[in-house]
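Participant: In case you want the letters, here they are:
Number of protein chains: 2
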Amino acid sequence: MLTEEEKQYALKKYVEFLQHPSISATGEGIRETASWLKEFMEELGIKATIEETGGHPVVYGEANNGGDKTLLVYNHYDVQPVDPLNEWKYPPFSAIIENGHIYGRGASDNKGVLIARLIAFSKYKGNLSFKFLVEGEEEIGSVNLPNYVERKKPKADAVIMEGAGLDTKGRPMIVLGVKGLLYVQLTVRTASKDIHSSNAPIVYNPVWELIKILNEIYDGERVKLKGFYNDIEPLSDEMKELLAKLDIDMEELRKSLGAYKLKGNIREIYIEPTCNIDGIYSGYIGKGSKTIVPAYAFAKIDFRLVPNQDPKKVFSSLLEVVKDRAEVEVFGMEKPVRTSPNAKVVKAMINSAKKVYSLDPVVIPNSAGTQPMGVFYDLGIREIVSAIGVGTPSSNAHAPNENVKLENFYKAIEHAYEFFNEYSSV
Amino acid sequence: MLTEEEKQYALKKYVEFLQHPSISATGEGIRETASWLKEFMEELGIKATIEETGGHPVVYGEANNGGDKTLLVYNHYDVQPVDPLNEWKYPPFSAIIENGHIYGRGASDNKGVLIARLIAFSKYKGNLSFKFLVEGEEEIGSVNLPNYVERKKPKADAVIMEGAGLDTKGRPMIVLGVKGLLYVQLTVRTASKDIHSSNAPIVYNPVWELIKILNEIYDGERVKLKGFYNDIEPLSDEMKELLAKLDIDMEELRKSLGAYKLKGNIREIYIEPTCNIDGIYSGYIGKGSKTIVPAYAFAKIDFRLVPNQDPKKVFSSLLEVVKDRAEVEVFGMEKPVRTSPNAKVVKAMINSAKKVYSLDPVVIPNSAGTQPMGVFYDLGIREIVSAIGVGTPSSNAHAPNENVKLENFYKAIEHAYEFFNEYSSV
Numbered sequence: 001m002l003t004e005e006e007k008q009y010a011l012k013k014y015v016e017f018l019q020h021p022s023i024s025a026t027g028e029g030i031r032e033t034a035s036w037l038k039e040f041m042e043e044l045g046i047k048a049t050i051e052e053t054g055g056h057p058v059v060y061g062e063a064n065n066g067g068d069k070t071l072l073v074y075n076h077y078d079v080q081p082v083d084p085l086n087e088w089k090y091p092p093f094s095a096i097i098e099n100g101h102i103y104g105r106g107a108s109d110n111k112g113v114l115i116a117r118l119i120a121f122s123k124y125k126g127n128l129s130f131k132f133l134v135e136g137e138e139e140i141g142s143v144n145l146p147n148y149v150e151r152k153k154p155k156a157d158a159v160i161m162e163g164a165g166l167d168t169k170g171r172p173m174i175v176l177g178v179k180g181l182l183y184v185q186l187t188v189r190t191a192s193k194d195i196h197s198s199n200a201p202i203v204y205n206p207v208w209e210l211i212k213i214l215n216e217i218y219d220g221e222r223v224k225l226k227g228f229y230n231d232i233e234p235l236s237d238e239m240k241e242l243l244a245k246l247d248i249d250m251e252e253l254r255k256s257l258g259a260y261k262l263k264g265n266i267r268e269i270y271i272e273p274t275c276n277i278d279g280i281y282s283g284y285i286g287k288g289s290k291t292i293v294p295a296y297a298f299a300k301i302d303f304r305l306v307p308n309q310d311p312k313k314v315f316s317s318l319l320e321v322v323k324d325r326a327e328v329e330v331f332g333m334e335k336p337v338r339t340s341p342n343a344k345v346v347k348a349m350i351n352s353a354k355k356v357y358s359l360d361p362v363v364i365p366n367s368a369g370t371q372p373m374g375v376f377y378d379l380g381i382r383e384i385v386s387a388i389g390v391g392t393p394s395s396n397a398h399a400p401n402e403n404v405k406l407e408n409f410y411k412a413i414e415h416a417y418e419f420f421n422e423y424s425s426v
Numbered sequence: 001m002l003t004e005e006e007k008q009y010a011l012k013k014y015v016e017f018l019q020h021p022s023i024s025a026t027g028e029g030i031r032e033t034a035s036w037l038k039e040f041m042e043e044l045g046i047k048a049t050i051e052e053t054g055g056h057p058v059v060y061g062e063a064n065n066g067g068d069k070t071l072l073v074y075n076h077y078d079v080q081p082v083d084p085l086n087e088w089k090y091p092p093f094s095a096i097i098e099n100g101h102i103y104g105r106g107a108s109d110n111k112g113v114l115i116a117r118l119i120a121f122s123k124y125k126g127n128l129s130f131k132f133l134v135e136g137e138e139e140i141g142s143v144n145l146p147n148y149v150e151r152k153k154p155k156a157d158a159v160i161m162e163g164a165g166l167d168t169k170g171r172p173m174i175v176l177g178v179k180g181l182l183y184v185q186l187t188v189r190t191a192s193k194d195i196h197s198s199n200a201p202i203v204y205n206p207v208w209e210l211i212k213i214l215n216e217i218y219d220g221e222r223v224k225l226k227g228f229y230n231d232i233e234p235l236s237d238e239m240k241e242l243l244a245k246l247d248i249d250m251e252e253l254r255k256s257l258g259a260y261k262l263k264g265n266i267r268e269i270y271i272e273p274t275c276n277i278d279g280i281y282s283g284y285i286g287k288g289s290k291t292i293v294p295a296y297a298f299a300k301i302d303f304r305l306v307p308n309q310d311p312k313k314v315f316s317s318l319l320e321v322v323k324d325r326a327e328v329e330v331f332g333m334e335k336p337v338r339t340s341p342n343a344k345v346v347k348a349m350i351n352s353a354k355k356v357y358s359l360d361p362v363v364i365p366n367s368a369g370t371q372p373m374g375v376f377y378d379l380g381i382r383e384i385v386s387a388i389g390v391g392t393p394s395s396n397a398h399a400p401n402e403n404v405k406l407e408n409f410y411k412a413i414e415h416a417y418e419f420f421n422e423y424s425s426v
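Just so you know, the protein sequences line up as chains B and E, in that order. Numbering of the first sequence is given in UniProt numbering, commencing with residue 1 and proceeding in unit increments. Numbering of the second sequence is given in UniProt numbering, commencing with residue 1 and proceeding in unit increments.
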């Protein structure tokens with residue numbers, strides 16, 4: 001159990017971290033936050049360095065405790081953009097505490113998690129060695145991480161990724177894999193300037209042209225790209241069993257997400273690949289009316305992929321459809337991964353979770369979201385798990401009023417501490 | 001011919017008018033501009049009043065010269081919004097003059113036209129009586145004009161509408177009718193907040209839902225609304241003849257519009273109804289990537305209608321498609337109209353144009369754009385023509401860097417003056 005003093009120190013560092021903006025999409029505050037983090041890690045006795053990647057730097061740290069096992073702790077210090085700003089009840093980087101919750105961009109995803117692990121590390125007295133790899137580009141698809149990891153080749157027996165947090169019933173989630181990702185922007189340009197819409201019979205409208213392409217990518221139900229579903233790995237019996245155990249209350253989940261209606265089955269969140277439009281823009285979007293044929297239109301699209309889909313193959317199929325009809329920019333490409341439920345790191349994680357939460361954890365074959373597990377898998381590491389988080393479905397990750405219940409933050413410190421001990425001894 | 005002094009006075013008032021922002025979509029500067037205009041009209045000896053409409057006011061003026069004919073001069077003092085602001089080389093309300101061109105929002109559409117007519121009026125010495133009806137909502141679909149005109153019932157023998165300007169070859173255009181308009185915004189809401197896109201398998205994406213609706217409205221070539229093409233009035237032989245005479249250089253037009261490619265035939269601009277997307281928005285549209293399922297999506301759509309399509313019927317068919325899947329806002333509904341080529345006002349317009357420009361004017365059955373001719377037609381007036389403009393296809397109406405060649409502005413003053421004389425004597 002944490003002392004009051006330990007809690008106060010942990011909270012102080014959490015607030016400081018949240019008050020450092022670090023928006024990877026725009027670059028705002030990235031370098032300053034990396035420096036702050038390096039200093040904090042040094043304060044805890046970790047040998048830390050800021051390492052260049054060609055993009056936003058990695059904060060890398062090592063602590064050799066003399067044992068024969070090394071745990072690599074992966075996190076990210078960057079956060080999502082904050083818009084729509086007017087929907088925040090407190091400024092997104094103010095770290096205001098209200099009713100036992102802390103509010104701020106990154107509170108849940110994933111500054112709280114990193115602080116919890118670092119505080120737990122500082123309490124840990126065993127002989128497990130640590131490597132901390134904290135990147136600054138997770139929210140923009142970890143663009144430079146694969147090259148960085150390939151060059152650095154950090155040796156480790158197991159990896160713990162950014163944690164999945166708690167489900168609607170407060171049970172800790174242990175996630176054995178990740179979905180992959182392909183994030184692209186398609187831009188159609190039909191003119192050098194907006195044109196009076198009286199010319200619509202003779203000029204091409206970029207939105208209609210974009211919609212034609214989008215209709216060829218997705219039919220409203222299924223992705224239409226060539227071979228998209230072909231490589232999907234069938235679920236193993238163990239995985240099917242894990243999924244069958246899921247007993248998420250859909251109505252509760254719906255409310256916490258703020259969705260008016262849900263579709264499908266909760267299992268699909270883990271096993272169904274998607275084609276999602278994150279944003280679309282063209283022409284006049286202010287108040288009232290303006291009669292123009294816009295000069296250009298764009299859409300931002302993410303494909304979430306399941307094992308064994310290959311983002312590179314999906315991208316090729318996409319290019320075959322788009323041809324020269326749109327400009328294509330890639331903002332992220334990540335491999336899907338699934339780790340065996342029998343791995344040591346998984347067992348240690350389950351045991352420590354039971355101890356701290358007095359509840360059976362929820363074990364999931366892979367996350368609904370994406371984390372760059374693939375780069376560690378490619379190093380030959382087969383013990384990779386995503387767990388120890390601070391958020392819940394109502395934490396508003398990626399949305400306004402992101403928040404974390406402080407109780408969950410303190411629990412995460414305990415969980416990390418117990419896990420380090422369990423894992424050293426298995 | 002205008003004296004230097006007359007030109008200077010006209011230009012001074014033109015600059016002043018342009019320096020008054022009057023964006024009907026947002027309301028910016030509307031009341032101030034209406035006051036300025038009323039004072040200017042009074043300065044010229046017109047009995048002017050500001051009349052409430054329930055929206056932006058009408059500036060209404062009368063000048064009784066004792067003859068047996070009254071001409072109603074219709075214009076508007078409002079302008080389109082100015083975005084994208086960063087594409088303007090001068091601030092949109094600076095009225096900068098460079099190389100014999102004046103730059104500013106409204107220069108062509110249609111502040112220059114109104115100034116030209118008012119200056120011509122002040123020179124006119126005949127017995128034709130005038131009514132000036134200058135509205136402030138033309139660019140947002142003349143929402144309150146029908147009710148205003150129906151209440152006011154201004155008597156007149158003929159109406160001249162906002163002028164069509166000059167074609168790519170510098171020939172004055174005389175337009176005998178207008179396309180109709182239906183302008184709507186469709187908004188699809190699927191959640192109360194943006195949701196992390198890892199939930200895409202179980203939540204509805206508002207963009208895909210919006211696209212489903214858009215696909216039911218338009219197939220990329222033709223409007224799919226029920227009965228949309230049924231009421232279209234067949235072209236009369238006279239109208240076919242007018243269209244056959246059109247000899248617009250498509251390549252020149254393409255360049256001046258800034259379009260990369262044109263489709264169809266120039267005649268379609270006058271006889272083909274359209275479904276155009278003026279703007280679309282959803283989710284994250286900043287730099288880089290953000291992985292969300294947006295909470296809502298909207299599209300602004302204008303339908304341009306040809307005689308005898310009825311905007312109310314089109315709207316009903318639209319609602320049948322949309323059902324309860326989107327919120328529908330209406331920003332404009334205008335009837336299409338075509339006046340006979342044998343009307344007196346048309347003959348006077350053609351004769352005066354020939355005199356001033358020493359070129360045969362281009363006579364067109366109806367405009368490609370929309371003006372609220374329908375409300376005057378509904379009063380029983382059958383002599384309605386749109387002519388005497390200052391713009392050309394490269395004037396960038398509705399786009400950044402709207403501009404007018406000063407020479408064309410002065411010519412328009414002369415044309416209006418000659419027209420007043422011609423029309424009094426036919």
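Do not rely on the hints blindly, as some may be mistaken.
All copies of an identical chain are treated as equivalent in the list; a pair is satisfied when it fits inside any one copy or across any two copies.
[As the list claims (entries may be wrong)] Below, simulated DSBU-like cross-link-like pairs (lysine-lysine); rule was C-alpha separation at most 35 Å, straight line:
#1 K123 <-> K347
#2 K169 <-> K125
#3 K261 <-> K224
#4 K152 <-> K123
#5 K287 <-> K226
#6 K212 <-> K255
#7 K313 <-> K261
Just so you know, these hints were derived from the structure itself, not from any lab.
Participant: Under a CA distance limit of 35 Å, which applies to K287 and K226: within one copy, between copies, both, or neither?
Facilitator: between (40 Å within a copy, 29 Å between copies)
Participant: Within a copy, between copies, both or neither: which one fits K169 and K125 at a CA-CA cutoff of 35 Å?
Facilitator: within (32 Å within a copy, 86 Å between copies)
Participant: Between the shortest in-copy and the shortest cross-copy C-alpha distance, which are at most 35 Å for K152 and K123: within, between, both, or neither?
Facilitator: For K152 and K123, only the intra-copy Cα distance (28 Å) is at most 35 Å; the inter-copy one is 83 Å.
Participant: Tell me, please, which holds for K261 and K224 at an alpha-carbon limit of 35 Å: within, between, both or neither?
Facilitator: For K261 and K224, both the intra-copy (25 Å) and inter-copy (28 Å) Cα distances are at most 35 Å.
Participant: When no copy is named, should K123 and K347 be tagged within, between, both, or neither for a Cα gap of at most 35 Å?
Facilitator: Classified as within: same-chain Cα gap 22 Å, cross-chain 95 Å, threshold 35 Å.
Participant: Evaluate K313 and K261 at a C-alpha cut-off of 35 Å and name the case that applies: within, between, both or neither.
Facilitator: both (33 Å within a copy, 32 Å between copies)
Participant: At most 35 Å between alpha carbons: which applies to K212 and K255, within, between, both or neither?
Facilitator: both (34 Å within a copy, 25 Å between copies)
Going through the hint list in order, the structure satisfies each hint without exception.
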